[in-house]
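Student: Chains H and B, in that order, are what the protein sequence lines are.
This note's numbering applies: residue 1 is where the first sequence begins, and numbers increase by one.
This note's numbering applies: residue 418 is where the second sequence begins, and numbers increase by one.
In short, the hints are calculated from the structure, not lab data.
There may be inaccurate statements among the hints.
As the list claims (entries may be wrong) - Pairwise CB distance ranges (calculated):
no., chain 1, residue 1, chain 2, residue 2, range
1, B, Ser490, H, Gln48, 35 to 43 Å
2, B, Tyr566, H, Gln156, 24 to 32 Å
3, H, Gly107, B, Leu507, 35 to 43 Å
4, B, Thr595, H, Ser274, 27 to 35 Å
5, B, Ala717, H, Gly217, 37 to 45 Å
6, H, Ser209, B, Ala495, 26 to 34 Å
7, B, Thr582, H, Asp178, 26 to 34 Å
8, H, Met206, B, Ser573, 39 to 47 Å
Unchecked claim - To list a few chain B residues with every Cβ distance to chain H over 12 Å, as calculated:
no., residue
9, Gly445
10, Leu456
11, Arg498
12, Val540
13, Ala581
14, Pro625
15, Gln699
16, Arg701
17, Phe712
18, Gln723
19, Tyr729
Idealized CB from N, CA, C, for every residue including glycine.
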Amino acid sequence: MKRRSRLAGLAAVAASAALALTACSGGGSGDPEGVTTITFLSWTGEEQMEQVIDAFEEDHPEVRVEASYAPPVAEYIQALQTRVLSGTAPDVFVIAAENKTNLIEGGHVLDLSGEDFVEGVEPFNLETYGRDGKYYGLSLSSWAAGYIYNKDLLAQVGYETVPETWDEFLEMCQKLQDAGITPFLESVDQMPTTVSAWIGAKNAEMEPSLDDQIFDGESTFAEQWTPALEQYNRVFEEGLMSKDVVGLDGDQVSAEFANGRVAVINGGPWFIASLREANPDLDFQFSLVPAMDESGTPFAAGAAAPGYAINAKSDEAKQEAAKTFLGWLAEPEAVELFQSLTNDVTVTDDFEPPVDPSFEPMVEPIRNGQLYLPMIAWQRAEDVLNVEAVAQIQRMIRGEVQPEQVAKALDTKLAAS
Amino acid sequence: MSATTTLRQPALVPGGSGRSWLSRPSGGWRQTTVNKAFLLPAIVVFVLLFVIPLAQTLWWSFTDFTGYSPEASFVGLANYRVIMTDPSMLAGLGFTLLFGVGTTIAITLLAIPLAVQLNKAFVGRNLVRSIWFFPAIPSMAILGLVWRYILSPLDSGVLNTALATVGVGPLGWLSDPTLARLSVILVGVWGATGWHAVLYTAYLQSIPHEYYEVAKIDGASARQQFFGITLPLLTPAIVISTFLLMTGGLKVFDLPYTLTNGGPGFSTYTITQSIVVSGVGQGRYGLASALAVLFTVAVAALSFGQLALTRYVERRFV
Numbered sequence: 001m002k003r004r005s006r007l008a009g010l011a012a013v014a015a016s017a018a019l020a021l022t023a024c025s026g027g028g029s030g031d032p033e034g035v036t037t038i039t040f041l042s043w044t045g046e047e048q049m050e051q052v053i054d055a056f057e058e059d060h061p062e063v064r065v066e067a068s069y070a071p072p073v074a075e076y077i078q079a080l081q082t083r084v085l086s087g088t089a090p091d092v093f094v095i096a097a098e099n100k101t102n103l104i105e106g107g108h109v110l111d112l113s114g115e116d117f118v119e120g121v122e123p124f125n126l127e128t129y130g131r132d133g134k135y136y137g138l139s140l141s142s143w144a145a146g147y148i149y150n151k152d153l154l155a156q157v158g159y160e161t162v163p164e165t166w167d168e169f170l171e172m173c174q175k176l177q178d179a180g181i182t183p184f185l186e187s188v189d190q191m192p193t194t195v196s197a198w199i200g201a202k203n204a205e206m207e208p209s210l211d212d213q214i215f216d217g218e219s220t221f222a223e224q225w226t227p228a229l230e231q232y233n234r235v236f237e238e239g240l241m242s243k244d245v246v247g248l249d250g251d252q253v254s255a256e257f258a259n260g261r262v263a264v265i266n267g268g269p270w271f272i273a274s275l276r277e278a279n280p281d282l283d284f285q286f287s288l289v290p291a292m293d294e295s296g297t298p299f300a301a302g303a304a305a306p307g308y309a310i311n312a313k314s315d316e317a318k319q320e321a322a323k324t325f326l327g328w329l330a331e332p333e334a335v336e337l338f339q340s341l342t343n344d345v346t347v348t349d350d351f352e353p354p355v356d357p358s359f360e361p362m363v364e365p366i367r368n369g370q371l372y373l374p375m376i377a378w379q380r381a382e383d384v385l386n387v388e389a390v391a392q393i394q395r396m397i398r399g400e401v402q403p404e405q406v407a408k409a410l411d412t413k414l415a416a417s
Numbered sequence: 418m419s420a421t422t423t424l425r426q427p428a429l430v431p432g433g434s435g436r437s438w439l440s441r442p443s444g445g446w447r448q449t450t451v452n453k454a455f456l457l458p459a460i461v462v463f464v465l466l467f468v469i470p471l472a473q474t475l476w477w478s479f480t481d482f483t484g485y486s487p488e489a490s491f492v493g494l495a496n497y498r499v500i501m502t503d504p505s506m507l508a509g510l511g512f513t514l515l516f517g518v519g520t521t522i523a524i525t526l527l528a529i530p531l532a533v534q535l536n537k538a539f540v541g542r543n544l545v546r547s548i549w550f551f552p553a554i555p556s557m558a559i560l561g562l563v564w565r566y567i568l569s570p571l572d573s574g575v576l577n578t579a580l581a582t583v584g585v586g587p588l589g590w591l592s593d594p595t596l597a598r599l600s601v602i603l604v605g606v607w608g609a610t611g612w613h614a615v616l617y618t619a620y621l622q623s624i625p626h627e628y629y630e631v632a633k634i635d636g637a638s639a640r641q642q643f644f645g646i647t648l649p650l651l652t653p654a655i656v657i658s659t660f661l662l663m664t665g666g667l668k669v670f671d672l673p674y675t676l677t678n679g680g681p682g683f684s685t686y687t688i689t690q691s692i693v694v695s696g697v698g699q700g701r702y703g704l705a706s707a708l709a710v711l712f713t714v715a716v717a718a719l720s721f722g723q724l725a726l727t728r729y730v731e732r733r734f735v
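I would like the entire structure built from these sequences, with the hints used as guidance.
Tutor: In structure tokens, the structure reads:
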């Protein structure tokens with residue numbers, strides 16, 4: 001009897017566990033009539049996204065969003081990848097540079113082209129997470145990095161802003177150095193802003209694009225990248241930027257700038273708050289990266305923010321509800337709310353985002369899609385090539401390899417991937 | 418009590434019968450079965466958490482598994498070929514070995530004399546022991562970030578500012594490949610020396626005091642006492658400490674990742690960073706698995722070699 005009751009107890013525990021699991025995996029099977037629950041893995045932090053979801057649910061009581069959160073980048077990519085692999089991917093998630101190839105090639109994301117809500121979005125953002133004319137991510141904002149300059153230090157050598165060409169910029173650096181001012185520091189723990197902007201400017205003028213030619217095998221990194229790398233290397237060869245930048249990260253460079261120890265650094269809007277906090281008297285301004293030569297144009301490094309994607313394997317009702325959610329996110333009121341919470345520069349045509357006055361020179365390129373980031377533009381092996389490029393550029397700065405060898409190393413990596 | 422004696426006996430008698438305790442039933446087959454049943458939970462955990470993942474990793478190493486779809490094609494030894502011809506992975510292997518061997522030797526050479534000093538009676542001994550032990554408490558990732566500021570290669574870096582007061586530098590601690598390697602090893606040594614000194618202190622306390630008294634009566638100097646008594650009797654501690662250091666050193670990830678991110682170039686790149694970057698960052702789980710398999714084999718070979726060597730030393734001196 002005792003044995004039987006123990007078995008019965010075990011069975012009860014097993015049954016309740018099974019019920020609990022069923023309830024979890026059902027994902028809203030207990031929804032009230034007329035309400036569809038969709039799951040969402042958010043890239044944006046809970047503090048901001050919760051307010052956005054509350055506003056959406058108020059406008060659309062027929063859809064309930066069950067959000068979970070994973071901080072970008074590596075943790076998010078890992079969390080999503082695990083869920084995709086186990087067949088428990090959320091109905092809405094974020095497609096980013098790091099996972100777009102796998103998500104698109106694996107057929108995990110729904111084609112959004114033709115949906116009304118993509119109409120007013122900057123094509124550059126849609127194309128970033130698209131392929132063959134199809135759009136897989138609704139990217140509503142972009143970021144850009146350029147140069148940040150200390151107005152007072154530049155004024156000491158007679159400049160009001162950063163010059164428009166690289167030769168003129170190096171001339172200005174020389175004058176700053178002669179005046180005892182450290183002219184320029186650029187963190188190279190990521191792809192250098194200068195190199196990204198130059199390749200981007202070149203890419204924008206080419207048809208087919210520079211990357212199409214490289215990835216179709218019609219051209220090579222050695223052919224397209226070597227001139228830019230040679231020009232970039234001049235700043236080190238001429239002793240205008242310390243080779244020690246290979247041991248610095250963006251925060252250390254920004255700290256030097258905040259303390260008035262360097263005239264120009266590379267950076268993006270994420271530095272504004274910390275610079276103002278560290279040195280409220282600092283008078284600084286953003287500028288585009290000077291053109292590589294007389295024929296080029298100043299450009300910015302940057303990319304479309306990760307886009308919202310719909311799980312291609314969700315059932316039809318959930319996909320419809322997910323489209324309602326994405327459509328609402330692209331509406332001006334939602335964009336305004338999101339912008340006020342995140343300070344992102346949004347790119348929909350019916351809302352003009354307010355920005356810090358120092359960042360104004362960068363807004364037009366962002367909203368017109370005049371941005372470029374190799375890792376996002378590359379069509380495959382993005383992270384492999386990026387890791388290789390950063391390491392090889394660091395070696396070039398140290399004088400261990402020549403610019404052409406850096407570009408050739410990328411060709412070798414691409415061929416092996 | 419008797420069970421303990423039964424268990425320890427074969428190990429204590431070198432060149433003994435060689436019969437394992439498992440093959441010596443002490444209470445009939447039923448008792449033996451019950452005894453062996455106690456091993457089941459450990460075996461289940463071992464199989465679930467070690468054997469199955471290892472087998473799965475081995476299988477993935479022969480495929481192009483991306484981590485996004487359970488479907489993966491068999492690619493034979495292609496992943497292993499990529500590893501053998503990839504300069505970044507070979508560089509990672511080189512620095513990993515340098516870090517493992519370098520920190521093991523340096524920490525052992527520093528921790529033993531430190532333990533001897535910390536074992537002496539002096540005012541504030543516990544406080545000094547705690548201070549030495551402190552670096553072992555915070556995560557190495559946090560320490561890496563802190564040291565990144567201290568070792569900044571700029572004139573304004575903490576260490577360079579201090580060196581400037583004596584007319585030295587500035588030095589490119591994290592921007593020069595050789596100094597960067599040295600910096601990562603030194604921070605690793607700084608972080609773990611105190612912990613291993615405490616380990617040695619525990620063993621030092623178990624050495625009977627009478628040995629030293631007899632040695633003193635016989636006129637042995639402090640140096641002779643150290644090499645004649647302390648060091649030989651510390652051999653078991655050295656075996657454990659160096660084993661932990663070597664295996665931990667070969668698996669290092671957090672410290673170089675936060676201190677130098679593997680740079681400049683690939684000069685402080687490690688195998689574990691390669692595995693994480695290739696697997697998670699680049700969705701090349703097949704390649705990362707092949708790297709993990711090779712790494713497991715290398716670590717196992719080194720560890721067994723080291724164990725064999727230290728056992729030989731132990732037999733020779735104890």
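Student: Could you run down the list of hints and mark each one as holding or not?
Tutor: How the hints compare with the structure:
no., hint, in the structure
1, B/Ser490 x H/Gln48: 35 to 43 Å, "holds, 41 Å"
2, B/Tyr566 x H/Gln156: 24 to 32 Å, "holds, 29 Å"
3, H/Gly107 x B/Leu507: 35 to 43 Å, "holds, 36 Å"
4, B/Thr595 x H/Ser274: 27 to 35 Å, "holds, 33 Å"
5, B/Ala717 x H/Gly217: 37 to 45 Å, "holds, 42 Å"
6, H/Ser209 x B/Ala495: 26 to 34 Å, "holds, 30 Å"
7, B/Thr582 x H/Asp178: 26 to 34 Å, "holds, 27 Å"
8, H/Met206 x B/Ser573: 39 to 47 Å, "holds, 42 Å"
9, Gly445, "holds, 27 Å"
10, Leu456, "holds, 24 Å"
11, Arg498, "violated, 9 Å"
12, Val540, "holds, 42 Å"
13, Ala581, "holds, 14 Å"
14, Pro625, "holds, 51 Å"
15, Gln699, "violated, 4 Å"
16, Arg701, "violated, 7 Å"
17, Phe712, "holds, 18 Å"
18, Gln723, "holds, 31 Å"
19, Tyr729, "holds, 41 Å"
Violation of the numbered hints given earlier is confined to hints 11, 15 and 16; the remaining hints are satisfied by the structure.
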